[in-house]
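*Asks:* Chains U and D, in that order, are what the protein sequence lines are. Sequence positions in the first sequence follow our numbering and run 764 to 1173. Sequence positions in the second sequence follow our numbering and run 3 to 346.
Heads up, some of the hints might be wrong.
[What the hints assert, rightly or not] Simulated DEER-style distance windows between Cβ atoms:
#1 D:59 - U:848: 40 to 50 Å
#2 D:327 - U:994: 47 to 57 Å
#3 D:125 - U:994: 25 to 35 Å
#4 U:961 - D:288: 24 to 34 Å
#5 D:281 - U:905: 48 to 58 Å
#6 D:122 - U:1062: 23 to 33 Å
Hints are computed from structural coordinates only; laboratory data are not their basis. The beta-carbon is built from N, C-alpha and C at its ideal position, and this holds for glycine as well.
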Amino acid sequence: MKFAFKLVAVSAALLCATSAMAQKGETVKMLRIDALSGLLGPVGVNQQKTYQYLAEKFSGDSNPAGVKFEVSFIDNKLSPTESLNALKTAIDQGVRYIVQGNGSSVALALSDAISKHNERNPGKEVIYINDSAVDPDLTNSKCSYWHFRFDADTSMKMEAMSSFMEAQKDIKKVYLLGQNYSHGVQVAKYAKETLARRRPDIEIVGQDLHPLAQVRDFAPYIAKIKASGADSVITGNWGSDLSLFVKAANEGGYNGKIFTYYTAAAGTPTALGTGGAGRVYQVGVGTYNMGGQMEKWMKEFNAKTGGDLTSVQFAHIFSVLGNAMAKAKSTDPVKVAAAMEGLKVKSFNGEIEMRKTDHQLQQPLYMAVWQKTDAKNAYSAEKTGMTLATVKEYPNYVSSTPTSCQMKRP
Amino acid sequence: MEFFIISMLNGLSYGLLLFMLSSGLTLIFSMMGVLNFAHASFYMLGAYVGYSVSTVLGYWPALILAPLVVGAMGAAFERMCLRKVHKFGHVAELLITFGLSYVVLELVQLIWGRLALEFKPPSVLEGPAFTLIHHSVDGLRVMWGAAPAELCSAADAALRVVCSPFPATRAFMMLIALVMLFSVWVLLTHTRIGLVIQSALTHPDAVEALGHNVPRIFMLVFGAGAGLAGLAGVIGGSTFLTEPAMAATVGSVIFVVVVVGGMGSLSGAFLASILIGVIQTFAVAFDYSVATLAQQLGLQLSEAASNNSFVKLTLSQVAPILPYLFLVLVLIFRPRGLLGTREG
């Protein structure tokens, strides 16, 4: 009797286990629609390698769901129109997980198109994983149930940046420089708002929006910034728009501080060189020197590809997806989307949470400064001998910002 | 004041780069009547060939070899393609250069890839050519090379010292353009071959009757024009960026230069290049908009009007479209261009 009971218990447990792992061994096809060519191409290509590397690391037994991640790529040339065509191709190919990040202009178009597609094609739903587009509108006025953001949005980053600047009493005059599209406009708006709240004595001495990925020569802007007498520049620029800007700043002898979002993105460390030591800051979801698992990955990635693994939030994506698929016991986007809401996961830098109200990942933020490598910060960025050293860390509860999202749930 | 000087130099150096490009274009146009759509493609080829040569032989050989290679390519294109379609008239010639620009773009992407290359100037040209030091008491002075750090920082907090270095690459760009302008001018006006070219411009039949090989002169002029673009490419590519979109970005601007300056006029091209370079650079610096203009005129704008996005547009925001606006205005009010001689 006792033996029979045990047998039943064991077989029941086994049955549970097998039914719990219905998704085990399945392949999750993801497709990233992003720029792989043009002036902003190097950033996309670096991130493509990051995805390929991390998908391999997280596949199989390395994620609780036991699924295999497979990421493919389409070049959208940073154009919303091309992205929508790519989305159609992807859906036709049976891809249910769409990934995109560079360019909030593209993100807004994709989020809208995917919501409409899901409404009209029940049973063929698609999840939109936003890995880097940081326009706050995406999780506020234009939030969508199918959109999940894994980077920290501009409201969070600017909150952290301004609280750091609050303590820097030598900052008196600030210049805002941005790319002329939703992202650049939002950075300027939130910079003004948060600085007015925290440091009303800071004067905004100028503001410029230049065309996205068009400017080859930033020398006129540097001359203008110098003439304005600004001791600090805040910029959300990325890719060539940041590399060429810091190159022109070095050449033009600008020696104020530069507060950025994307100093670590491919190409910029090389352009900076030793020029911006102690003056260039970055706010972001990671740095080069995170310790633990991430540091091992960075080293291995660098040895393998020669590039830097700087989009560390991509690791969060695979952590959250793996856990959500285990929780949903399925890879079906409808179930996974529901499972991701409010999901708390232990990732490489502590617990992260996909907030239910607006699908904005809650994660720690880091304020870091550009400096020479030392014992504590040993990772050499693009082999320049320079690195980003964390000067302040903002845990989840500090970096979090409120949302006005009124999500329509299916 | 140092802002004005540095901006002026930035504008002049950009204008001179434009001139290096447009001089070849206008030379070809005045000579053969061909509006060469592929001219900017030769500029891009110059940068890419220069990059490849510089990785093997260094920058200085690249500066000489790349223009020669590109010039030879231009001459070969004229000899093998353009001359064949010459008898079908100007439209066919225009279309074939148009097609060439696409072929070159795709070839460049196939050979060198779609991403920007790191084409570095030699170490001599890294760093500033001179530095302007503006001291609030001692005034403005110029110093060759980089200024030492202690000169650029004031010991006394009441004093204000601003150092504005001017990059050596830009100074070099200006120097090359001026040397080029001078030698082209000497070649055209003071040498035998220049005389033949000038006469072939207006009276090809008479020149041919005197025993000169006019088709060969055409080929040489086309090759020389392409070579000048190639030279500009090596300098532009190493100063700014070497990437596949570099042809498209200057392509449209040099047409503006040629039209504004007057079709086929070398001095017109020079004037227009400088004008456009300086205007574009200075436009970035001014935050004037329709709203500030109205304010200064004492007009009171309504709430809605002053929040209108068109009224709020500043000059620095519209800087990139100014050359095209200029083009339209010139075509309306002075169709032959600033220094052009022929109508329309």
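*Asks:* Give a verdict on every hint.
*Replies:* Do the hints match the structure? See the list:
no., hint, in the structure
1, D:59 - U:848: 40 to 50 Å, "44 Å, holds"
2, D:327 - U:994: 47 to 57 Å, "35 Å, violated"
3, D:125 - U:994: 25 to 35 Å, "31 Å, holds"
4, U:961 - D:288: 24 to 34 Å, "31 Å, holds"
5, D:281 - U:905: 48 to 58 Å, "39 Å, violated"
6, D:122 - U:1062: 23 to 33 Å, "28 Å, holds"
This entry does not satisfy hints 2, 5, going by the numbered hints stated previously.
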